[in-house]
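Protein chains in written order, with the working numbering: chain E, 2 to 560; chain S, 7 to 264.
Everything labelled a hint here was simulated from the structure, so no lab data went into it.
Please read all numbers here as calculations on a predicted model, not as lab measurements.
Hints are supplied without guarantee of correctness; some may be wrong.
[Claimed, not checked] Derived DSSO-like pairs: lysine-lysine, alpha-carbon spacing no greater than 27 Å straight-line:
(1) Lys135(S) <-> Lys16(S)
(2) Lys410(E) <-> Lys193(S)
(3) Lys135(S) <-> Lys125(E)
(4) Lys193(S) <-> Lys376(E)
(5) Lys140(E) <-> Lys193(S)
(6) Lys225(S) <-> Lys77(E)
(7) Lys346(E) <-> Lys193(S)
(8) Lys227(S) <-> Lys129(E)
(9) Lys77(E) <-> Lys227(S)
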Amino acid sequence: MAFIEVKGLKYKYPHTSKLVLDGIDFEADKGQFIGIIGENQAGKSTLCQAFAGLVPTMFRGAYGGKVMIDGVEASKVPIAVLCQKVGLVFQNPFNQLSGAKDTVFEEIAFGLQNLGIPREEIGKRVEKALKLLDIIKYKDRNPFDLSGGQIQRVAIASILAMEPEVLVLDEPTSQLDPQGSEDVFQVVEKLAKTGITIIMVEQKMEKLAAYCDKILLLHRGRQVAYDVPERIFSRGDLRELGVEPPVYTQVSKSLSVHRKEGEELIYPVTLKQIQKQKDQFPLTLSGRVRQPNNEKQEKDIFSIKDLGFYYIPGAPVIENLTLTLDSRPTAVIGQNGAGKTTLVKLLKGLLKPKTGTVLLEEEDISGRTVAQLAKRVGYVFQNPDDQIFKNQVLEEVMVGPLNIGMSRKEGEQRAREALEMVGLLHAANENPYDLDLSERKMVAIASVVAMDPKVLILDEPTIAQDARGREVLGQLIRTMTEKGKFVLAILHDMDFVARYFERVIVMAGGKVISDGPGEEVFYEKDTLTKARLEPPHITRLCELLGYEGTFLTTEDIRE
Amino acid sequence: MKSISLYVDKDSYLTRLHPFAKMVYILAAISVPFIGGALWMYGLFLVISLGFLISGGILKKVFPLIAFSFTILITIFLIHGLFNKENETLLFRIGALAFYREGLLYASRIGLNILNMLLAFAAFVLTTKPADLVDDLEQMGFSPRFGYMITSVFQIIPQMMGTMNTILDAQRSRGMETEGSLITRAKAFIPLISPVVSSSLINTRERAIALEVRGFGSKTKKTFLREHRLSGGDKGFMFLMALLIAASVVWRIVYGIH
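Kindly generate the complete structure, drawing on both the sequences and the hints.
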């Protein structure tokens, strides 16, 4: 019998009629690394909860079929017992914390204490988990004071320390910078080698392709396929299923690099596999043709001079920053804790500079209240739940327009336009809290777009978005730019940055260490290493294949 | 994160003294003068408490507490000095106000009582981490659920205040005026209530799940990170306090009520 067996699993939440899981059937062996993919509402998170026994023990609802883990039926044992076998890392790390411990060390020890592990053993395990996730320096800090990426590490460590036999992770790297998420994948792979079985939901297909033994593809609660990554990503129907294959596969498809397995065409899915089939790739490609620099003199939107800011005196978050921003769409990238969010909050007036000035269209903003600036500068928060006030989507989106003095009629029209742009017009009459996280994020974006500001600031808009959501976002950025608006976004998804942004600003330690078009910035290796960033996948791929020229997106691959 | 506990993070013999020993001190400070009945006993414990606070280096932190209690003390002195029903002997006059000896004596007894309790509690609260106290209580046999309730309050209230600030920021960002006059700020407060409550409700639900996943419902006996046994010093201190209480009983028997 296999270590994990899922047989005919069906589930629906109480008071709903739709099955969120409908006939899931697969097996996994001990020490395997299984990926789960699918568009939003495919049932990925619910399946994770079924492994930990939360579905149905905590959530009730109608449950059919079986989840067997090492001979134990997940729905039949108490969660407190099951949690010693199956560890679950939540999508939102803030909610994983116990909320009763005031140091990171104690937070990680909490689960072990509950299980009655001897004290010396707790000390050893916690130290080990702290080292593994590179958070030993935060050991004595209050977990609630850490940044999103750091809390995510604490959350993973707190489950790892319980040494479960199966580790279930629900988008564990969504808040992490590129290097940070690579670290997590490496840690998890190491664990898989020690015999821990890994089940991971992720949107980062390149990573899943590189690390997973098998991938489970879901669509609207149904199991579409369960197979090795090459076969999953070589399918022709991925677009319809709302899944984008790894960039490496997309490139191979466009250059028709493949091997045959019977009748099927199998495309490479990782850098390693591409290297094996290197001889099938063309010898040279010219890459991006750089538009001649017809720099039409752009008007400055923001001019920032000698800006400095700290939360605690003596620990500057931003130091001596001088920068002008014009209306080209601009991405701010950098490691967790580099000062990106602090910078945009200063631009929005939510924080007041300790030194220096911020001019918005030549006017000093220090004399303005945030509300007065709202008409001109829109800011979408990282967590949509912090900015949802009403219980109907349309009303929610109209809050801003009405606040800045639009008439009800005009406000409603703007709100409908904004909802149309994010593809949620059909949900105008629903309660925002009934929508899932990715949709709530879109509502939050629409509610700012509806105010028709000159500047649109987005703080990590791609978190929790699937391929379709990212496309909607990209389109929105283009439309706003065409309308003469300035879009400024904080991002961790380099492929997205390369595709939609003309200007890229790299921050590290509160300073701007590089600034320019993507074509330049993504080829500055030293800068990227210093900021713990990676170039877009295509860029790495073409470097491996020895192509000279600039490659940032799949469109740059042309024969 | 701002802490709502009054604990002053400072290593001193007072912070190292076992929380139970400090609790026994509070018991002694309250019961000895109560049983013994003599005014000088209040004075004795006031001096001891002040001694603790000074040697622990936390006297400064007590001033706001004392200042606050003085407003109450003054009212008590005024009311009893002027209007106590047993007032007979006139002591002094300030203009039209006549102060009597009986009322003032009674008021000073209450005043000393309040000050005494305040300082004894301060010596305990300012030097004891709430989490440590709860930990010790749990080791003594209190249920971990009770313990969680207490400690989580110290974490969740500041966290809720944080959420409130974020939501306030979000509202300002959407053009709601929150800065300025008291009326503007009060108006801004009302629409805050619903998002803060709903986000806390969602958090609470998720937190309950998080606790389950971390084995909180487990039937096995919990491990404690520190075993905080009573040291020889702690025991000696507690014995001394018990002795003082016993002495006050003897005093009462010998001298009777005053």
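Going down the list of hints, with the structure as the test:
no., hint, result
1, Lys135(S) <-> Lys16(S), "holds (11 Å)"
2, Lys410(E) <-> Lys193(S), "holds (24 Å)"
3, Lys135(S) <-> Lys125(E), "holds (25 Å)"
4, Lys193(S) <-> Lys376(E), "holds (20 Å)"
5, Lys140(E) <-> Lys193(S), "violated (42 Å)"
6, Lys225(S) <-> Lys77(E), "holds (17 Å)"
7, Lys346(E) <-> Lys193(S), "holds (24 Å)"
8, Lys227(S) <-> Lys129(E), "holds (24 Å)"
9, Lys77(E) <-> Lys227(S), "holds (23 Å)"
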